[in-house]
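Chains as they are written, first to last, in this note's numbering: chain A, 56 to 419; chain B, 56 to 419; chain C, 56 to 419; chain D, 56 to 419.
Among the clues, some could well be false.
Below, a list of computed lysine to aspartate or glutamate pairs in the EDC-like style, where the Cα atoms sit at most 16 Å apart [what the hints assert, rightly or not]: (1) 203/D to 414/D; (2) 98/D to 109/D; (3) 327/C to 95/D; (4) 327/B to 368/A; (5) 98/B to 121/B; (6) 117/A to 101/A; (7) 327/C to 167/D; (8) 220/C to 242/C; (9) 327/D to 374/C; (10) 220/D to 246/D; (11) 220/D to 206/D; (12) 198/B to 95/B; (13) 203/B to 225/B; (14) 98/A to 232/A; (15) 117/D to 144/D; (16) 327/A to 232/B; (17) 327/A to 101/B; (18) 327/D to 167/C; (19) 98/C to 116/C; (20) 220/B to 259/B; (21) 198/C to 109/C; (22) 198/A to 95/A; (23) 327/B to 374/A; (24) 198/A to 167/A; (25) 117/D to 93/D; (26) 198/D to 109/D; (27) 98/D to 246/D; (28) 327/C to 374/D; (29) 98/A to 116/A; (30) 371/D to 246/D; (31) 327/D to 116/C; (32) 327/B to 167/A; (33) 198/B to 368/B; (34) 198/B to 374/B; (35) 327/A to 368/B; (36) 198/B to 93/B.
Output of the computed footprint for chain A on chain B, the stretches with three or more beta carbons under 8 Å from beta carbons of chain A [as the list claims (entries may be wrong)]: (37) 230 to 243; (38) 250 to 260; (39) 281 to 295.
None of these hints come from the bench; they were simulated from the model. Small disclaimer: the values here were computed from a predicted structure and weren't measured. The C-beta atom is built at its ideal place from N, Cα and C for all residues, glycine as well.
Number of protein chains: 4
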Amino acid sequence: MSGNTFGTLFRITTWGESHGTAVGVVIDGCPAGLQLDEADVQKELDRRRPGQSEITTPRKEKDSAEILSGVFSGKTTGAPVSIMVRNTDVDSSKYGALRNTPRPGHADLTYELKYGLRDWRGGGRSSARETIGRVAAGAVAKKLLGLKGVEVLGHVVELGGICSKTASIEEVRENTERNPVRCADPDAAVEMEAIIRAARSEGDSVGGIVEVIGIGVPAGMGEPVFDKLNAELAKALMSIGAVKGVEIGAGFKSASMKGSQMNDPFVMSSGKIRTLTNYAGGILGGISNGEPIICRIAVKPTPSISQEQRTVDMSKMKDTRIQIQGRHDPSIPPRIVPVAEAMVALVLVDMMIRGGFIDPSTTG
Amino acid sequence: MSGNTFGTLFRITTWGESHGTAVGVVIDGCPAGLQLDEADVQKELDRRRPGQSEITTPRKEKDSAEILSGVFSGKTTGAPVSIMVRNTDVDSSKYGALRNTPRPGHADLTYELKYGLRDWRGGGRSSARETIGRVAAGAVAKKLLGLKGVEVLGHVVELGGICSKTASIEEVRENTERNPVRCADPDAAVEMEAIIRAARSEGDSVGGIVEVIGIGVPAGMGEPVFDKLNAELAKALMSIGAVKGVEIGAGFKSASMKGSQMNDPFVMSSGKIRTLTNYAGGILGGISNGEPIICRIAVKPTPSISQEQRTVDMSKMKDTRIQIQGRHDPSIPPRIVPVAEAMVALVLVDMMIRGGFIDPSTTG
Amino acid sequence: MSGNTFGTLFRITTWGESHGTAVGVVIDGCPAGLQLDEADVQKELDRRRPGQSEITTPRKEKDSAEILSGVFSGKTTGAPVSIMVRNTDVDSSKYGALRNTPRPGHADLTYELKYGLRDWRGGGRSSARETIGRVAAGAVAKKLLGLKGVEVLGHVVELGGICSKTASIEEVRENTERNPVRCADPDAAVEMEAIIRAARSEGDSVGGIVEVIGIGVPAGMGEPVFDKLNAELAKALMSIGAVKGVEIGAGFKSASMKGSQMNDPFVMSSGKIRTLTNYAGGILGGISNGEPIICRIAVKPTPSISQEQRTVDMSKMKDTRIQIQGRHDPSIPPRIVPVAEAMVALVLVDMMIRGGFIDPSTTG
Amino acid sequence: MSGNTFGTLFRITTWGESHGTAVGVVIDGCPAGLQLDEADVQKELDRRRPGQSEITTPRKEKDSAEILSGVFSGKTTGAPVSIMVRNTDVDSSKYGALRNTPRPGHADLTYELKYGLRDWRGGGRSSARETIGRVAAGAVAKKLLGLKGVEVLGHVVELGGICSKTASIEEVRENTERNPVRCADPDAAVEMEAIIRAARSEGDSVGGIVEVIGIGVPAGMGEPVFDKLNAELAKALMSIGAVKGVEIGAGFKSASMKGSQMNDPFVMSSGKIRTLTNYAGGILGGISNGEPIICRIAVKPTPSISQEQRTVDMSKMKDTRIQIQGRHDPSIPPRIVPVAEAMVALVLVDMMIRGGFIDPSTTG
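Just chain A, with the same shape it has in the complex (with noise of 0.2 Å):
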């Protein structure tokens, strides 16, 4: 598979499968120095679990995390951080009837065509829970961001069709946690959760527009050419499943303005050169200018819906249908949050270490 580690100096490797014995992340990179305990982790997962409201997935898992090494006497120590987190409420027995008809939209049948085989009890290792790690290890990357004032914030700006109101830095910081959508803006966030509620009432689904903005973000992060700040971001972004799309400020609005609109200009202020506006999401020429980091993903509808669908059967190479069981979230957006945190959080990390922000050996 050869594609389960991230990072360049601040790595991190997943493992595990759904319906397996456990998920779990290595960070290898971390500074020694850092006061670390489950706790940190946990806070995070439980921002990610199942179960958390009435409009996510039943599958109820504490996903509690285990830290296996790394950490001595409450500090890093520089060796790798291990983390995991059993599997507990596995329930396979829907599964079987999908093991030669894979789900549209899901990736069953392109792990079969390319490995020949495929675990395929919950979607096993392209399930969601696959992004228990990513949260684990952004939880740590996160502690490391707050030592040099970074702060990674995540919510839910359009979801079903709704679009959220321009929310200040401020109004995302205090209202985002407060319902169950992740939204900033409170009423959109009451439509919102109607339309989730539509959307499983109709055994259907809906996708929706998540932005993450990096905060406090000194100038001087990227590397030139390929590695460039916004370039680590999308394939950090694009790499978590149902994400369809990543853009950067203005994004693909920037398509249809005029250089004299979207050039942002430099002023002083307060002794700091400073731009008026931020259409460029805080990055020229693939490094940070020291305003704050825009990334917006697209997430596409949950592909597991209840509703009758074509597909085939792979063992008689003939057309049939499927109507898939099962306990699925029937909007991605809420839950995906703290997950394009953490990817959001472990590219700004890397950059730090490989810019010379944060030390790479100790933080002490």
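Based on the hints, put chains B, C and D in the right spot on chain A.
Coordinates of chains B, C and D only, in the frame set by chain A:
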């Protein structure tokens, strides 16, 4: 800098500045036995070179490719292929004035902040001339892909607010190179050209959207979890200067779709498993499913405009204004088409080698 | 730390400390379809485990391998294979005394200087228990190699000044595991064992030389220029604690040979091109030539000895003396044999995948 | 080929064949602000160039370095530094005869087997001319190391069976470049020179041992577990053609030492923790301890000898004999000294950047 190499097994390293001696690329990991000569490379360079038509920059350079290594008796040997293009029409006189006043929307400020100095002549390393190395390497990648029946086609689908009609692959193949904007819809092309002329006369610039299609890509390409085919494409395309967004298949439209629309139904067709629609853009779970790979990029308007703009004088840390001289394209999308194709071709070749579809040692 | 991953396409990441919860490895890039169960791994772990005989450390651990992911219905799936071994017989009581007094010949001082703190229990991350992950991964590598007819055999050729007679591959295969020193020459083995007992009774330790042979390796493996097969082997073997030298084929003897002796003549034999001698150790220009791959490593005497030694007290920055307690092998070579075999197997598998000899996706 | 890049953060990619247009190197990851001009590079190239004295190959090339990018106003900019050396004194006439008859001890056979074809002129990519790129990059690395007070010195310690007396660092620094064999012991140098002349007159060649010392290397460099400083040095040095062994500190002698001898005692000296002896070669647990880094390499006798040798005719698959014409060094060690120094310097710079000892962005 340490970010000038792209790829895992088919790796390219680009080098060179806009107004330096030369720009170039070293391709490592090209299998032996591929027929290759300078004309193969020149053909693609001619598509990106300045001065192709009156809507591009008047900088006139032949951009002659010289293959310095890795080819013997007309065939690659498995050794690195080093390709160099000398900079000939260099005029740095206009740039001295910009030494202390970073151009809005450009990398001038961020390079200065990161490195403490910069080659300010013509944008230096952050110039679009850096893409010569990408296009030269992409030409080699395309030849390799051709051996496996894979074709990569790019075209402009939106420019300055004008959208092209949906075009068939056949129309893209036939029409795109027939007009200077590289649009597969001849009527839209005329409008786009007019928009570009208008922008230039106003001292302004316009952005657009470019689509790249991978045709004939076999199922099974892409490595989960982090090295998904879409993730690698996102990084590759976002690493091109001026790109602010990347989407795959339905992309940002998927955010407002329902699962019952978005899921491409599987059907048997001529003995093969196909999909009825292609909202997924040919990729499921990060792995190609055999349908055409569809990517689109948002290209911002050229930041170099001749209108007066606000900026700062870095030597005095004071507000000031600049008016950029020099020779610039009023719109990047037409010339970014071969660059975007090159990046997609590089990803596809690398993933085909990684996946065992192309022998890493020899084409024989 | 960022150095806990090894390999390019078949990649392993090890984690864990001597006296922590567990040690383990994540294998990324194992093709799907390989039959694998815990017994395959256990067999190799049992060869490196402490307490195998009275000449090794009396630490008693079963070192039971648990496969946590990547295997479904008895076969690998292409997903990462995560293997964990819990630490059971942990006794950190002896190590508190060493907190401020680094043991000569050990990593105590350098970890402290690099990281500002260290897990001082049992050597922490620098303990030989780290090699459990290597051996577990090596077991998987060996199974893959077996499918291609490649075998990896290690044996002790020198210990405490006693040299083994030159042994045929057949003798190595038959005799090595029959004596506790893992020497293919039964007479030398008896002497070596006596030397080890004598060293222990003097509170001292002895070094030795281990040879590893790769049999059945096809011609054409290895990537010029920096990733020569011998270069990758050198890194792999030198990365094992206590190894102070690596040589290939004639090795250091070649320094005093003439070209007319050293050059292995090519001859036709049964329709194949072979060499009459094998001073090259099976590698020419960094690429295998089809002859057996021959590597040897110099293993220093165990640094943990019970004699009194000079050291410093890091808390007072003063000279002092220590006497190391705890349970240690008086000689490392016998137990390093399976570790060295594992490292060679890992390099060979990685190079076979990189060279196109093993399909990266599936063994099927 | 995909193995022509070396390093993690300070990365070099070499390209070029012996009888092609040119050879060169691209250095990626050199911090901005380093004063650099062609004379810095030329100085080192002149040490490895052919025709320096009558004991080396009579091939006469000036090997003039041309810096093509990455330097502006006499300083590095952080962009890739591309350096090219044109091949001038190329005479391929002698090689046509060797097209089908691989030279024993050379890479001819293995390249042919791996790639199905090869550039047979002058050894092509496997020629020692490939090391020009290493030496050029090493010159840049040495300048960076110099800023941190680190020096790298190489010398021949054994040649054709003649051993140099143990030399102090001062003697190495003073004496080595004063004789054509680069031996710090003037008496041994005379004998070695005689041995080389004798070998040449017999149409034969001799091997030797080269030692490289890293002086002033700070403690704390090296990344456990796989990227130990010694492991990276081993790979770097073993990747040089003709090297058959690498050892650190006591190296292979440690195999016959006792722990009580080998363990370097720690002592306080002028307020610093030092070791009384340096059998460890400056590295403990893969991390530098502040003492000089000591490496030695075994260099095989030049495989190109003029005596008749047995080989095969690959076009007929029959035994035959060859007598190699052309211009060759009868002994490699004197000219390998600057190459080995370069590889050690490259490892040290890369590890200093990885460890946070050198700022990756700027020297300022």
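Now for the hints, and whether the structure bears them out:
no.	hint	result
1	203/D to 414/D	holds, 11 Å
2	98/D to 109/D	violated, 20 Å
3	327/C to 95/D	violated, 49 Å
4	327/B to 368/A	holds, 12 Å
5	98/B to 121/B	holds, 13 Å
6	117/A to 101/A	holds, 8 Å
7	327/C to 167/D	holds, 14 Å
8	220/C to 242/C	holds, 9 Å
9	327/D to 374/C	holds, 11 Å
10	220/D to 246/D	holds, 12 Å
11	220/D to 206/D	violated, 22 Å
12	198/B to 95/B	holds, 8 Å
13	203/B to 225/B	violated, 19 Å
14	98/A to 232/A	holds, 13 Å
15	117/D to 144/D	holds, 9 Å
16	327/A to 232/B	violated, 46 Å
17	327/A to 101/B	violated, 43 Å
18	327/D to 167/C	holds, 14 Å
19	98/C to 116/C	holds, 14 Å
20	220/B to 259/B	violated, 26 Å
21	198/C to 109/C	violated, 30 Å
22	198/A to 95/A	holds, 8 Å
23	327/B to 374/A	holds, 11 Å
24	198/A to 167/A	violated, 39 Å
25	117/D to 93/D	holds, 13 Å
26	198/D to 109/D	violated, 30 Å
27	98/D to 246/D	violated, 27 Å
28	327/C to 374/D	holds, 11 Å
29	98/A to 116/A	holds, 14 Å
30	371/D to 246/D	violated, 45 Å
31	327/D to 116/C	violated, 39 Å
32	327/B to 167/A	holds, 14 Å
33	198/B to 368/B	violated, 48 Å
34	198/B to 374/B	violated, 51 Å
35	327/A to 368/B	holds, 12 Å
36	198/B to 93/B	holds, 12 Å
37	230 to 243	violated (count 0)
38	250 to 260	holds (count 3)
39	281 to 295	holds (count 13)
Checked against the numbered hints given earlier, the structure breaks hints 2, 3, 11, 13, 16, 17, 20, 21, 24, 26, 27, 30, 31, 33, 34, 37 and satisfies all the rest.
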